[in-house]
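4 protein chains.
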Amino acid sequence: MTQEKNVLMEFSMTPLDKGESVSQYVSRSLDIVDKSGLEYRLNPMGTVVEGSWDQVLEVLTACHEKMSSDCNRISVSIKIDYRKGKNGRLLSKIGSVEKHLGRPVQK
Amino acid sequence: MTQEKNVLMEFSMTPLDKGESVSQYVSRSLDIVDKSGLEYRLNPMGTVVEGSWDQVLEVLTACHEKMSSDCNRISVSIKIDYRKGKNGRLLSKIGSVEKHLGRPVQK
Amino acid sequence: MTQEKNVLMEFSMTPLDKGESVSQYVSRSLDIVDKSGLEYRLNPMGTVVEGSWDQVLEVLTACHEKMSSDCNRISVSIKIDYRKGKNGRLLSKIGSVEKHLGRPVQK
Amino acid sequence: MTQEKNVLMEFSMTPLDKGESVSQYVSRSLDIVDKSGLEYRLNPMGTVVEGSWDQVLEVLTACHEKMSSDCNRISVSIKIDYRKGKNGRLLSKIGSVEKHLGRPVQK
Chain A
39 MTQEKNVLME FSMTPLDKGE SVSQYVSRSL DIVDKSGLEY RLNPMGTVVE GSWDQVLEVL
99 TACHEKMSSD CNRISVSIKI DYRKGKNGRL LSKIGSVEKH LGRPVQK
Chain B
39 MTQEKNVLME FSMTPLDKGE SVSQYVSRSL DIVDKSGLEY RLNPMGTVVE GSWDQVLEVL
99 TACHEKMSSD CNRISVSIKI DYRKGKNGRL LSKIGSVEKH LGRPVQK
Chain C
39 MTQEKNVLME FSMTPLDKGE SVSQYVSRSL DIVDKSGLEY RLNPMGTVVE GSWDQVLEVL
99 TACHEKMSSD CNRISVSIKI DYRKGKNGRL LSKIGSVEKH LGRPVQK
Chain D
39 MTQEKNVLME FSMTPLDKGE SVSQYVSRSL DIVDKSGLEY RLNPMGTVVE GSWDQVLEVL
99 TACHEKMSSD CNRISVSIKI DYRKGKNGRL LSKIGSVEKH LGRPVQK
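Chains as they are written, first to last, in the working numbering: chain A, 39 to 145; chain B, 39 to 145; chain C, 39 to 145; chain D, 39 to 145.
Check each hint, because a few of them may be wrong.
Repeated chains share a single entry, so a pair holds when one copy, or any two copies, can fit it.
[Claimed, not checked] Below, computed lysine-lysine pairings styled on PhoX-like, alpha-carbon distance capped at 20 Å:
{"id": "1", "residue 1": "Lys124", "residue 2": "Lys56"}
{"id": "2", "residue 1": "Lys43", "residue 2": "Lys56"}
{"id": "3", "residue 1": "Lys56", "residue 2": "Lys137"}
{"id": "4", "residue 1": "Lys122", "residue 2": "Lys43"}
{"id": "5", "residue 1": "Lys43", "residue 2": "Lys104"}
{"id": "6", "residue 1": "Lys73", "residue 2": "Lys43"}
{"id": "7", "residue 1": "Lys145", "residue 2": "Lys73"}
Rather than coming from a laboratory, the hints here were simulated on the basis of the structure. All values derive from a computational prediction rather than experimental measurement.
With the hints as extra help, turn the sequences into a complete structure.
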């Protein structure tokens, strides 16, 4: 059975014990997300991944396993938007706002 | 092998299609958390659960399965604090702040 | 005119450049919250403050000013629940869940 | 004195009492952000605004004033990344991850 990709998950995962420059660690998570085969978008504050509930949590868990291999303290912030019967919202949500606004926005 | 309970997860899970009073739906999640056997605390903005990475995500998934059975759109906010080799932080984190402060706080 | 205390704000404010033990810095924020005169509760993942929109943002700003005095990178996570015409929800939200559940929870 | 634009704020502001389709309300916030003159980017889960601490909170407050004019219950999720002496991170943070990764990502 094909799982519905009705979940958008945004997450950011940050080590607290590696000083103020953490992009080295963030890039390893991006590598995992990128190779997962799921649709995603990186923004300045997090990564939005589209998939089923199980798919997005599997990616999150893989990122945590990698980071906890050499980081002692990790802070993770996650936001999930589930909508029954809706797919492709990685693109359509922005379009819907622009349609209501009547003009394009910065994205 | 016993899994380390080195994760604190705070979450709130809210239906967007059920109007402004949602405690009926929140209470079903609390029932699941309460029966999971994990240590937890409910606060006015979410529930903090203590366990291993897999244990807390399992509880989160059970709550989502229940809520998605009759809610069409669900917003979930999650924060995870992982700390290698540390257990019992559900209680000790507050104590540590009070110790630094030199007096008790409202909790 | 008395401002309605119709906002619950939960926040956590963490320096990223001070290593994995940060309760020293968190306790300074708690000192500010505690002396603000607003009702609040500390939980293991954040602090919930009750007040008007302006009041809770004022406390948040004071905490940020203090922390940025000696921290170079700061991560802040904030969740706000606004409900028109409702006061005293710092206590009543938990009670409402327990009423639906028909039994007390850990809090 | 020119204020440093050393803050990135991502926020999402959602009414809970308007049913599951809320892009009409989100678009009004985007209109406010867009006209603020601050740099911003809309993503599928929120809007990232770059400015000083006071500037980004001013935009947030304007969005809340608009939404609370006709919504009874509003949930706001906010994440702030402050970094002393750093400007232009709306663009540079993604570039830094790509540099570490050695290839471009979806953004």
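Quick rundown of the hints versus the structure:
For the identical chains of this complex, lysine 124 and lysine 56 are inter-copy neighbours only, at 18 Å across copies versus 39 Å inside a copy, given an alpha-carbon limit of 20 Å. For the homomeric pair lysine 43 and lysine 56, neither the shortest alpha-carbon distance inside one copy (35 Å) nor that between copies (22 Å) is at most 20 Å. In this assembly of identical chains, the alpha carbons of lysine 56 and lysine 137 lie at most 20 Å apart only when taken from different copies (19 Å versus 43 Å within one copy). For the identical chains of this complex, lysine 122 and lysine 43 are intra-copy neighbours only, at 9 Å inside a copy versus 33 Å across copies, given an alpha-carbon limit of 20 Å.
In the homo-oligomer, the alpha carbons of lysine 43 and lysine 104 lie at most 20 Å apart only across protomers (18 Å), although the nearest pairing inside one protomer, at 25 Å, exceeds that limit. Taking the shortest alpha-carbon separations for lysine 73 and lysine 43, only the intra-copy value of 17 Å comes in at or below 20 Å, while the best inter-copy value is 29 Å. In this assembly of identical chains, the alpha carbons of lysine 145 and lysine 73 lie at most 20 Å apart only when taken from different copies (15 Å versus 24 Å within one copy).
Checked against the numbered hints given earlier, this structure breaks only hint 2.
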